[in-house]
Amino acid sequence: MPIIEIVFYLFSTVLVLSALSVITVGNPIHAVLFLILSFFSAACIWILLQAEFLAITLVLVYVGAVMVLFLFVVMMLDVNVTSVKEGFARYLPAGVLVALAMAVQLFLVIWTRGMETVPLPAAEEEGYSHTSMIGELLYTEYLYAFEIAAVLLLVAIIAAISLTHRRRPETKYQDPSRQVRVKRDERLRVIKMKSEGEDA
Amino acid sequence: MMDQLLTLLWTMAKILMIILPVTIGVAYYTYFERKVLGYMHARRGPNRIGPLGLLQPFADVFKMLFKELIVPTNASKFLFLLAPLLSLGPALAAWAVVPFDDWLVLADIDAGLLMILALTSMGVYGILLGGWASNSKYALLGGLRAAAQTVSYEIAMGFALVGVIVLAGTLNLTAIVEAQSGNIFTWYWLPLLPLFVIYFVSGVAETNRAPFDVAEGESEIVAGFHVEYSGAGFAVFFLAEYANMILISALASLLFMGGWLSPFAGIPVLGDTILGEGGVHWFLLKTVVFCFLFLWFRATFPRYRYDQIMRLGWKVFIPITIVWIMVAGVFRVMGWFGG
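Protein sequence lines, in the order shown, are assigned to chains A and B.
Letter by letter, the first sequence follows residues 1 to 200 in our numbering.
Letter by letter, the second sequence follows residues 1001 to 1339 in our numbering.
Keep in mind that the hints were calculated from the coordinates and are not lab data.
Errors might be hidden in some of the hints.
[What the hints assert, rightly or not] List time: in silico EDC-like cross-link candidates among lysine to aspartate or glutamate, alpha-carbon distance up to 16 angstroms:
hint, chain 1, residue 1, chain 2, residue 2
1, B, Lys1035, B, Asp1003
2, B, Lys1014, B, Asp1108
3, B, Lys1014, B, Asp1101
4, A, Lys172, B, Asp1108
5, B, Lys1137, A, Asp78
6, B, Lys1315, A, Asp78
7, B, Lys1137, B, Glu1218
8, B, Lys1137, B, Asp1060
[Unchecked claim] Per the computed footprint, the stretches of chain B lying under chain A, defined by three or more beta-carbons under 8 angstroms from a beta-carbon of chain A, are:
hint, stretch
9, 1145 to 1157
10, 1182 to 1191
Remember, it's a predicted structure, so these values are computed and weren't measured experimentally.
Ideal Cβ positions, reconstructed from N, Cα and C, are used throughout, including at glycine.
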């Protein structure tokens, strides 16, 4: 068996097992860590497909930034694991229903393309760069879709910030520009007085 | 199968040829730091073990390895032991795409710069998990501080690199250095001066070094994320921190200071002497200068207050980088730099 296949099966096993562990482990921190591991394994599989730009972006954005904030928030939360597990039997039918619906949808999507095996794309000639190809496609053919998605994200960011931002007058806040602009006369007063010696 | 195994073994050998010098570099970086800090404080620094104290780093390594590895009660043992490795792994892996000369690079991949950004952004997990798994208030606070700081400065750092990418028109590190060839004034430190400064300062903040070392902050939170670590665990955290500092220095010299290119290129007299030709020696020299800056900062500046660090990152650095990316775009369109 070629090494590339061994590597593929290794990473896909890790991916599937860690994805399963995300929903089965009790500790929320461990769940987040398994999610990170599954993202990372997915990125490794993409690299095997020579989609190195997508893979690195997945690691950079999700593993490097989004999941750090996730972990950050989960560490701060005081999650009571037993109370989370309490409603298991009650929510089970709804959960099974949702899972079934998603499985059927996935099945339909796969079925329309058929389950035939797709051969690996032919090796590209020397000097072919996937990264610059993606850039060219995004900024020429799919420019409008790309820009609209970017604007949507910007609107979402601004909306999220303006919804959660609140002025809290009671918090102590220092204005650095005022601190820098401070003059000697505002802080210091030179006074003349007689000495207070012991014999006075 | 056989030749695949051979390729694998050969790659392993090449990896070792990079990791060993980096590790020895880290060992002597600690010696360099103590000497530099010593002379800046008007004392001599380590001078007992070996001539001029040159064997001090090895004495330190053996001391740490033979010390007891203490795992705190109620610590999450697996994560506690995994965390130092998680911070070391990315710090060493990033060296795979660093070109030392125009032919000397382990993996000459197209998206090399992105790869380094992705790997260095993963280093924070070691610190965050080390802080959490220690089951200690101080360690947790240090870990949280490190996470917030790293995520904030990564944005400024990434934007600073976007300026380089705009001028060079490529993500490949070898090609970025070659795009700077000419003389010292065609290197990117000049057209991208604000981005260069921001990149290096963000690099100092990313590696949690003084004056941005609030993640350790020994005057407030004892030693931050590694307060519970002893012996080998502490040594590995230390190794990762210094490897990251050397990496940031190497990147600064590659992206803004022309990597292995000679600053005297184009001067006729020096044409083909060692001074005029580019080579590994120039790259190493520039890297050492940046390494020295890290130590100089540490001896000079008092520690930033935490809210000021956040303000500097979000309200000062990020707006400047966004403006300068546009300026770089103008340079590019007018054909003044890059091409």
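Structure-based check of all given hints:
1. Taken as a hint, the lysine 1035 of chain B and aspartate 1003 of chain B pair is broken in the structure, with Cα atoms around 48 angstroms apart against an allowance of 16 angstroms.
2. With a CA separation close to 13 angstroms, the supplied pair lysine 1014 of chain B and aspartate 1108 of chain B stays within the 16 angstroms bound.
3. At most 16 angstroms may separate the alpha-carbon atoms for a hinted pair to count; lysine 1014 of chain B and aspartate 1101 of chain B meet this at roughly 15 angstroms.
4. Taking the CA atoms of lysine 172 of chain A and aspartate 1108 of chain B, the gap is near 51 angstroms; set against the 16 angstroms cutoff, the hint is violated.
5. A C-alpha spacing of about 15 angstroms is found between lysine 1137 of chain B and aspartate 78 of chain A, which places the hinted pair at or below 16 angstroms, so the restraint holds.
6. Using a Cα cut-off of 16 angstroms, the hinted pair lysine 1315 of chain B and aspartate 78 of chain A is violated, with the two alpha carbons roughly 32 angstroms apart.
7. At most 16 angstroms may separate the alpha-carbon atoms for a hinted pair to count; lysine 1137 of chain B and glutamate 1218 of chain B meet this at roughly 14 angstroms.
8. For the given pair, lysine 1137 of chain B sits about 28 angstroms from aspartate 1060 of chain B by alpha-carbon distance, which is inconsistent with the 16 angstroms threshold.
9. Residues of the stretch 1145 to 1157 of chain B with a Cβ under 8 angstroms from some Cβ of chain A number 5, which satisfies the need for three, so the listed coverage holds.
10. With 0 residues having a beta carbon nearer than 8 angstroms to a beta carbon of chain A, the stretch 1182 to 1191 of chain B misses the requirement of three or more and the stated coverage is violated.
Hints 1, 4, 6, 8 and 10 from the earlier list are contradicted by this structure; the remaining hints agree with it.
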